[in-house]
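Chemist: Residues in the sequence shown are numbered from 1 upward in steps of one, following full-length UniProt numbering.
Quick caveat, the hints were computed from the structure, so don't treat them as lab data.
Here the structure is a predicted model, which is why all the values come from computation and not from measurement.
Each hint should be verified, as a subset may be incorrect.
[What the hints assert, rightly or not] Computed spacing ranges between beta-carbons, pair by pair:
| # | residue 1 | residue 2 | range |
| --- | --- | --- | --- |
| 1 | K4 | R29 | 36 to 44 Å |
| 2 | R2 | K36 | 28 to 36 Å |
| 3 | L6 | E28 | 41 to 49 Å |
| 4 | M1 | E30 | 40 to 48 Å |
| 5 | R27 | Q7 | 28 to 36 Å |
[Stated by the list, open to error] DSS-like cross-link-like pairs, simulated, lysine-lysine; straight-line CA separation at most 30 Å:
| # | residue 1 | residue 2 |
| --- | --- | --- |
| 6 | K4 | K18 |
| 7 | K22 | K36 |
| 8 | K36 | K18 |
| 9 | K4 | K22 |
All C-beta atoms in this analysis are idealised placements derived from N, C-alpha and C, irrespective of residue type, glycine included.
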Amino acid sequence: MRGKILQNLCRFSEILLKGIDKRERERERERERDDKI
1 MRGKILQNLC
11 RFSEILLKGI
21 DKRERERERE
31 RERDDKI
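Start from the sequences and build out the full structure, keeping to the hints where you can.
Modeler: Here is the structure:
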């Protein structure tokens, strides 16, 4: 039981980190677009 909870936590944190990375990349792209204009 305990191991399963730990696995779920690890998976959840990985998904969260990936989501944060995506947002950061999108912001960087928007900045690049603003610089070009």
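Chemist: Against the earlier hints, flag every one the structure doesn't satisfy and list their numbers going up.
Modeler: 2, 3
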